[in-house]
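Those protein sequence lines, which keep their order, are chains A and B.
Under my numbering, think of the first position of the first sequence as 117, with each following residue one higher.
Under my numbering, think of the first position of the second sequence as 117, with each following residue one higher.
Because the hints were derived from the structure by calculation, they are not lab data.
Warning: the hint list may mix true and false statements.
No copy labels: a pair is met if it fits in one copy or bridges any two.
[To be verified] Subject to a maximum C-alpha distance of 27 Å in a straight line, what follows is the list of computed DSSO-like cross-link-like pairs (lysine-lysine): (1) K176 / K259; (2) K161 / K298; (3) K287 / K176; (4) K161 / K305; (5) K259 / K155; (6) K150 / K305.
Each chain, written out:
Number of protein chains: 2
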Amino acid sequence: MKVYLGTVSGNSYKLRILLSLLKAPHEVVIIDMKNKQHKSAGFLKINPRGEVPALEDGGKVIWDSAACLVYVARKYGGEQWLPTDAAGLAEVTQWLVLAATEIQCGLQYARRGVVQGRWTLGTLEEGQAFGRIALNIAEQRLKNHDWLALDRPTIAEPACFPYIETAPEGKVALEPYPAIIKWMERCKKLPGWVGR
Amino acid sequence: MKVYLGTVSGNSYKLRILLSLLKAPHEVVIIDMKNKQHKSAGFLKINPRGEVPALEDGGKVIWDSAACLVYVARKYGGEQWLPTDAAGLAEVTQWLVLAATEIQCGLQYARRGVVQGRWTLGTLEEGQAFGRIALNIAEQRLKNHDWLALDRPTIAEPACFPYIETAPEGKVALEPYPAIIKWMERCKKLPGWVGR
Numbered sequence: 117m118k119v120y121l122g123t124v125s126g127n128s129y130k131l132r133i134l135l136s137l138l139k140a141p142h143e144v145v146i147i148d149m150k151n152k153q154h155k156s157a158g159f160l161k162i163n164p165r166g167e168v169p170a171l172e173d174g175g176k177v178i179w180d181s182a183a184c185l186v187y188v189a190r191k192y193g194g195e196q197w198l199p200t201d202a203a204g205l206a207e208v209t210q211w212l213v214l215a216a217t218e219i220q221c222g223l224q225y226a227r228r229g230v231v232q233g234r235w236t237l238g239t240l241e242e243g244q245a246f247g248r249i250a251l252n253i254a255e256q257r258l259k260n261h262d263w264l265a266l267d268r269p270t271i272a273e274p275a276c277f278p279y280i281e282t283a284p285e286g287k288v289a290l291e292p293y294p295a296i297i298k299w300m301e302r303c304k305k306l307p308g309w310v311g312r
Numbered sequence: 117m118k119v120y121l122g123t124v125s126g127n128s129y130k131l132r133i134l135l136s137l138l139k140a141p142h143e144v145v146i147i148d149m150k151n152k153q154h155k156s157a158g159f160l161k162i163n164p165r166g167e168v169p170a171l172e173d174g175g176k177v178i179w180d181s182a183a184c185l186v187y188v189a190r191k192y193g194g195e196q197w198l199p200t201d202a203a204g205l206a207e208v209t210q211w212l213v214l215a216a217t218e219i220q221c222g223l224q225y226a227r228r229g230v231v232q233g234r235w236t237l238g239t240l241e242e243g244q245a246f247g248r249i250a251l252n253i254a255e256q257r258l259k260n261h262d263w264l265a266l267d268r269p270t271i272a273e274p275a276c277f278p279y280i281e282t283a284p285e286g287k288v289a290l291e292p293y294p295a296i297i298k299w300m301e302r303c304k305k306l307p308g309w310v311g312r
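Start from the sequences, fold in the hints, and give me the full structure.
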């Protein structure tokens, strides 16, 4: 299994966390994002979306970060990190989608604008407002539960963690969300969890 | 199984298509979106995101449209509409995410702005550009394949169809994407496929 990662990509960090949690054997290919290698003709043949991470295994290419988590969890994690019963799979999926919509298109795009000056979808205020929808949903869930989707950690954790952790760089303070702060501490204590 | 739907919601349409394809028994509750019932305190208790569709079954609530598709497919569709092997599940998942990101936050938000005058994330041009990423990926895939994720229809079809079909209302013409136009025709011929 070959994984294409960027060194400063939060979406790549999601996959790095899971690969480490599951001790999944893999080969890393670093994509030079500063020199826009992820938008090069060569890489677009691997990933038509022009993003990292991507994953290649047995001739198959997976080009979305949540889908990469799904692939690794199903191949190396049994039912633990991504169950296949209707309710379990649906509950994990809704957090995977939240990570890609309100969390990425909201919190992360606001942060990317502030940090990199790159605004591709929405203003700072729009991104912050969109992102806070996710924070409110997560806070409500985590007030009474240790983990996002189920009663144990799943791939919802690595999917949602990276761009929640960096929300303050997009001027969204996390202090109003104490249950999220405690959840982040629990995540970091999971055996095999890695830092950025 | 109780499903909460809005009459003009494209995300609700995704779920209506799948329920019909699978002949899944269900009870419909219509949410009055014109009078903002989806943002009411009562409905926010069911769906903290304040959106339709949502699904309630055996005490569980699923509040994201892609996750609703996953739930119904796993409960009523066996492996046909959502396989559980690593590659199959990952390939379907990447289209579910694309439907929620580039397709919804791009094509649909552009269209919603044009049609309803409501701009919550990005300008017309930003939404169109974001949405065209998805159209290019789908066109590339459908040039050589009949269906988005696998060699048969899966829940990727109802997930992606509604807001691709309405892209022209957001001033994104579909003529440059002939393979997508043919795919839409194939979708409409699937036994049980329903119109809006």
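Evaluated hints:
no.	hint	result
1	K176 / K259	between (40 Å within a copy, 18 Å between copies)
2	K161 / K298	between (41 Å within a copy, 23 Å between copies)
3	K287 / K176	neither (39 Å within a copy, 34 Å between copies)
4	K161 / K305	neither (38 Å within a copy, 31 Å between copies)
5	K259 / K155	between (41 Å within a copy, 22 Å between copies)
6	K150 / K305	neither (32 Å within a copy, 46 Å between copies)
Of the numbered hints stated above, those contradicted by the structure are hints 3, 4 and 6, listed in ascending order.
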